[in-house]
Amino acid sequence: MDWLDAHLIPALDGVAYGMLLFVVAAGLTLAFGSGGVLNLAHGTVYAMGAYIAADIGDGSWGMLVLALAVGAAAGATSGGVLAVAVAPVARRGHLDQALLTFGIALVGGDMLVSYFGADQRQVAVPKALEDSVTIAGHQYPTYRLAFIGVAALLAGLGYWLLVRSTAGAAVRATTDDPEMVAALGLSPRVVHTATLVVAGALAGGAGVLGAPIITPSPETADTVMLWSLIIVVVGRLGSVLGALFAAIAVGEVQTLGVVLAPDLAPYLLFGAMGIALLVRSGSGILPEFAARARVLATRARALKGGGA
Amino acid sequence: MNTRLSAVIAMSSRYGTVARRAALAVVVVWLLVLPQLVDTYTLVLATQALVFGLLAVGVGVLTGHAGLATMGQVAPYAVGAYTTAWLTRHDITAGLLQLPAAALAGALFAAVTGIVVIRARGVVALMLTLAVGELTATAAVQWKEFTGGSDGVSTPPARIFPGGAELFDDQDIYLYVLVVALVVAGITALVLRSPAGLLLAGVRDNEDRMRAAGHPVDRYLLLTYTGAGAISGISGALLMTYARYVSPQDVGFDISALALLAVVIGGVRSTAGAFAGAGLIVFTRDKLGNWWPGHAPLFLGILFLIAVYLLPNGAAGVAQQLRSLADRMGLRVPGLVPRTPAAAGAGDGTVPASGAPVPEEADAR
Amino acid sequence: MSLIRRTRRRAAASIVLAAALVATAACSKDSGSNNDTVKLGLLVPLSGVYKSIGEDMKRGFELYVEQHNNKFGGHKIEVVVADEGEAPGVSLSAATKLVKQDKVAAVVGVSSGAAVAAITPMLADNRVPLIGSGGRPNLQNIDRVWNTSWMSDETGAAIAKYVKDTVNGPVGIIGPDYQGGQDQIRGFTDTFVKAGGQVANSGGKPTFTPWPGTTNFLPYLSQIAQSGAKAVYTFYAGSAAVDFVKQYKQSDAKDIPLYAAGFLTEGATLAAEGDAARDIYSVLNYAPGLDNPANRNFVSAYNAKHKTQPNLYAMCSFDAGSVLDRAITAIDGKVTSEAINNAIRGLGQIDSPRGAWQFGANHSPVQKWYLRQVRPDGQVLSNVVVQELATLGS
Chain A
1 MDWLDAHLIP
11 ALDGVAYGML
21 LFVVAAGLTL
31 AFGSGGVLNL
41 AHGTVYAMGA
51 YIAADIGDGS
61 WGMLVLALAV
71 GAAAGATSGG
81 VLAVAVAPVA
91 RRGHLDQALL
101 TFGIALVGGD
111 MLVSYFGADQ
121 RQVAVPKALE
131 DSVTIAGHQY
141 PTYRLAFIGV
151 AALLAGLGYW
161 LLVRSTAGAA
171 VRATTDDPEM
181 VAALGLSPRV
191 VHTATLVVAG
201 ALAGGAGVLG
211 APIITPSPET
221 ADTVMLWSLI
231 IVVVGRLGSV
241 LGALFAAIAV
251 GEVQTLGVVL
261 APDLAPYLLF
271 GAMGIALLVR
281 SGSGILPEFA
291 ARARVLATRA
301 RALKGGGA
Chain B
1 MNTRLSAVIA
11 MSSRYGTVAR
21 RAALAVVVVW
31 LLVLPQLVDT
41 YTLVLATQAL
51 VFGLLAVGVG
61 VLTGHAGLAT
71 MGQVAPYAVG
81 AYTTAWLTRH
91 DITAGLLQLP
101 AAALAGALFA
111 AVTGIVVIRA
121 RGVVALMLTL
131 AVGELTATAA
141 VQWKEFTGGS
151 DGVSTPPARI
161 FPGGAELFDD
171 QDIYLYVLVV
181 ALVVAGITAL
191 VLRSPAGLLL
201 AGVRDNEDRM
211 RAAGHPVDRY
221 LLLTYTGAGA
231 ISGISGALLM
241 TYARYVSPQD
251 VGFDISALAL
261 LAVVIGGVRS
271 TAGAFAGAGL
281 IVFTRDKLGN
291 WWPGHAPLFL
301 GILFLIAVYL
311 LPNGAAGVAQ
321 QLRSLADRMG
331 LRVPGLVPRT
341 PAAAGAGDGT
351 VPASGAPVPE
361 EADAR
Chain C
1 MSLIRRTRRR
11 AAASIVLAAA
21 LVATAACSKD
31 SGSNNDTVKL
41 GLLVPLSGVY
51 KSIGEDMKRG
61 FELYVEQHNN
71 KFGGHKIEVV
81 VADEGEAPGV
91 SLSAATKLVK
101 QDKVAAVVGV
111 SSGAAVAAIT
121 PMLADNRVPL
131 IGSGGRPNLQ
141 NIDRVWNTSW
151 MSDETGAAIA
161 KYVKDTVNGP
171 VGIIGPDYQG
181 GQDQIRGFTD
191 TFVKAGGQVA
201 NSGGKPTFTP
211 WPGTTNFLPY
221 LSQIAQSGAK
231 AVYTFYAGSA
241 AVDFVKQYKQ
251 SDAKDIPLYA
261 AGFLTEGATL
271 AAEGDAARDI
281 YSVLNYAPGL
291 DNPANRNFVS
301 AYNAKHKTQP
311 NLYAMCSFDA
321 GSVLDRAITA
331 IDGKVTSEAI
341 NNAIRGLGQI
351 DSPRGAWQFG
361 ANHSPVQKWY
371 LRQVRPDGQV
381 LSNVVVQELA
391 TLGS
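Just so you know, the sequences run in chain order A, B and C.
Just so we're aligned, residue 1 is where the first sequence starts under our numbering, counting upward by one.
Just so we're aligned, residue 1 is where the second sequence starts under our numbering, counting upward by one.
Just so we're aligned, residue 1 is where the third sequence starts under our numbering, counting upward by one.
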């Protein structure tokens, strides 16, 4: 019981933190997974949203909603810019996209810091969300708890939109077979642009919502970019549920993981990612190792048997 | 990503080999006399660009030739650097001993990590190599006895031969680094042009057919990965020769990303292009960036944007633009005469630059 | 295949050639330095994670130079600014530029201890002194290294006895897992244990959080709360400090008194932490409210120019200007790097906003440390001095 009590908060926090990561990565999940654009400026768009939250938010609900609207609008605009910018290199593969979007990220990051300043920023949240609540005798930040709800809503909506709705079908079809979409009278280009605009709005909105947890600072963009890449790739490109599971796994690794295996803490994130990718790639190396181990074991048994 | 990369090559111009060799010779001579032409700091930057360029060569071998885009070449680079630091602190200061040791260490490291990495393709390979790089940097923070931890490790100057003079003067260091870089890059280029290089190109462009034909594809890739590790290990050794300092933050993923982008800027399959891309990045960050301290990232970002729009096929694409310009002006310069399309297109498996769609890769097998 | 490769190589070569010609044309002049003017290189982070601290350092140093009309001891001062960046290798490249291209007589600033470790061998080779106003690692050769700031292990050592005497019970200790952080935590832990203090963490050893990359401190805080700690001592700086403080106040540990190395609540981090930082006790060699003439002048001049209170980083760089001013004034003859270094060696007490101090044998200040608490000071939260703690340094 003590053990359970000691690990309850980290386990719960793993879920909440995973939900945060899911929301943080949502824009990239859509842009990369469904739009086919490896957007390395995703973290920068998130940071923009976070700075907007710090600038506009004053602790009232109204201003939080306003910040969310402004952040999402700014993110959507950046998504439109991205759509225009990648159009000429659309057929040149991910590496050229990486070069382009990384260039945008560097320029955008410089502009963000020049405009908003280099100082870490305070982010005011509504009073009701500011403190902590008591769960089974433990303190837990109210804002994070609320975040679980928001993220669940977003995941549900995303799943429904992408997998069940007509719009989602068009997006998926555009990725798979643009000619067919064009034959149906839809412009693949419009669908693609719309996908990137929505992805940008998600990234900007996530920045506004995540700002109270991940303080806006010059390093925010890099941190968020790395996390998002991990989640999107581990969760399989474009899969909403995959990204959700990957995000919660990463969240647990960084909370429950560091408590259970403190000595391995510095290695946990990338170690776990590596293992996840190996397991996931199916025909990968782990089954082969297992098979070889079985062969060795059989041989060893045979040798033993022969000796007896 | 591998098949995508082959499209980056696209259509190239058909210059004669005479012109190519003459240009290379001019560049080499220029590099050799550079100490007489520029100030000390620029020479130090040139040294830095050569070392970074050699790291990019390793990245290019994997990305352009083997079709494995990598974000993890800093790992064998770090292993080479720390091995060299360890040797120097144990009084093995001769470069001629350090270089093979660093190459061996980088190769061994790559051989072990490669078993895992070569199974993946595309974005998954990219993320796996990123993990290898980050885990190596983390190990460098933790393993203080060997690495000096997060504060890094400084070493005394190296020598070329055992018992020789210390490599202290910036000119001497530059020339030493230049010769090593040229030799390593030359050997790399020769190997890539040999039948072994052709096999590798076959794996990259049509892996299934190679497998069906009975080629041990995994073995080829592991060997290539190991070779790239050796190149990066040597690059790490040279880092210690000129900077005499390395820390975990100097072998982080941002260096990996820049090395990969250097290769993309230069043209993914060009050894000289890797150096050109690396040189552009170092020059932009450390020379142009000094005009407005604190805004080097802005200059780098602008460089990347310019490169992506104006050099659509990497540095190599410029040659094609020159050719079409020459054609339009009705020039028929000997050695600049384009080959006939039939001869040019036959058997090289490339697609025209006009941008015919290239099949999207699977992200993992 | 080979044809393509050949043409690509050829093409790339032509690029290299073109770039080479441009580069040669652009870089073929050595800049000399005027005899009457003394060039000083200011190396502070102006991009990346530590940019905020770098700007504070730059403001502090430039304020001193401006207040003295760009003249130290009758010599005109030219300040060349360079970006320390994030990685030590970048700092080394920038320092090399200051020394080899700008030919500065001395380098000032440098926030990160790792950057100091990276550049000092190069500076020693070129006999250029470093007047550091930031972190200071353990170095083998300190002949030309002078710090106006602090030694990493002194901060914690200064408050350890006070914590032991004030807190009735074991103390939880937590910090970031890099050399500077380990030194900070070790300084506290060693002195604290020697004074008879008890460490609350399991295993009796401080907890170190992975660095960089830890942004979620809740699991660690929940562990500390369970350890039965009666107080917590910590060291974090920058964004990690903001995350730590905000999460502390929302965790199981929220009612446990928090003691910290002053960096936790210094400069921009305090403003970002807001109310969550209230009541935190911290130890530092400076607070803007210190009551002495030098500090009153410093604070009012800084406030007039930047509309904000100065902090530790600005003060230490201000003092670096003071050290160089005194040294250059004391030089009889040509102002060279060597002469500056020798003159610094001969400096006595230095009047400073933090109170008078002087260089000790390890070329860092022998100075007073203060206990401060975050309290409202007018409209804003500030680090208010509670009492003097100890004079440290040797």
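Just to be clear, a hint being listed does not mean it is correct.
Calculated pairs, DSS-like style, for lysine-lysine (alpha carbon to alpha carbon, straight line, at most 27 angstroms) [what the hints assert, rightly or not]:
(1) C:100 to B:287
(2) B:287 to C:368
(3) C:164 to C:368
On the chain B side, residues computed to face chain A include the following (Cβ under 10 angstroms) [stated by the list, open to error]:
(4) 124
(5) 128
(6) 257
(7) 295
Bear in mind the hints are in silico, worked out from the structure with no lab data behind them.
Positions of the beta carbon are idealized from the N, C-alpha and C atoms, including for glycine.
Under the criterion that the straight-line Cα-Cα distance not exceed 27 angstroms, is the pair residue 100 (chain C), residue 287 (chain B) satisfied? At roughly 13 angstroms apart (the allowed maximum being 27 angstroms), residue 287 (chain B) and residue 100 (chain C) satisfy the hint.
Practice item. Using Cβ atoms only, decide whether residue 128 (chain B) comes closer than 10 angstroms to chain A, and label the hint accordingly. Key: For residue 128 (chain B), the interface hint holds, since the closest Cβ of chain A sits about 6 angstroms away, which is under 10 angstroms.
(Q) Next item in the hint list is residue 124 (chain B). Is there a CB on chain A closer than 10 angstroms to its CB? (A) Since chain A brings a Cβ to about 6 angstroms from residue 124 (chain B), closer than 10 angstroms, the hint holds.
Note to self: Does residue 257 (chain B) hold up as a contact with chain A if the rule is Cβ-Cβ below 10 angstroms?
What the structure shows: Holds. Min distance 7 angstroms.
- Was the hint right that residue 295 (chain B) lines chain A, CB cutoff 10 angstroms? holds, 6 angstroms
Hint check: residue 164 (chain C) vs residue 368 (chain C), CA-CA at most 27 angstroms. Holds or violated?
With a Cα-Cα distance of about 19 angstroms, the restraint between residue 164 (chain C) and residue 368 (chain C) holds, given a limit of 27 angstroms.
CA of residue 287 (chain B) to CA of residue 368 (chain C), is that 27 angstroms or under?
The hint is violated at about 42 angstroms.
The structure shown violates just one earlier hint, number 2.
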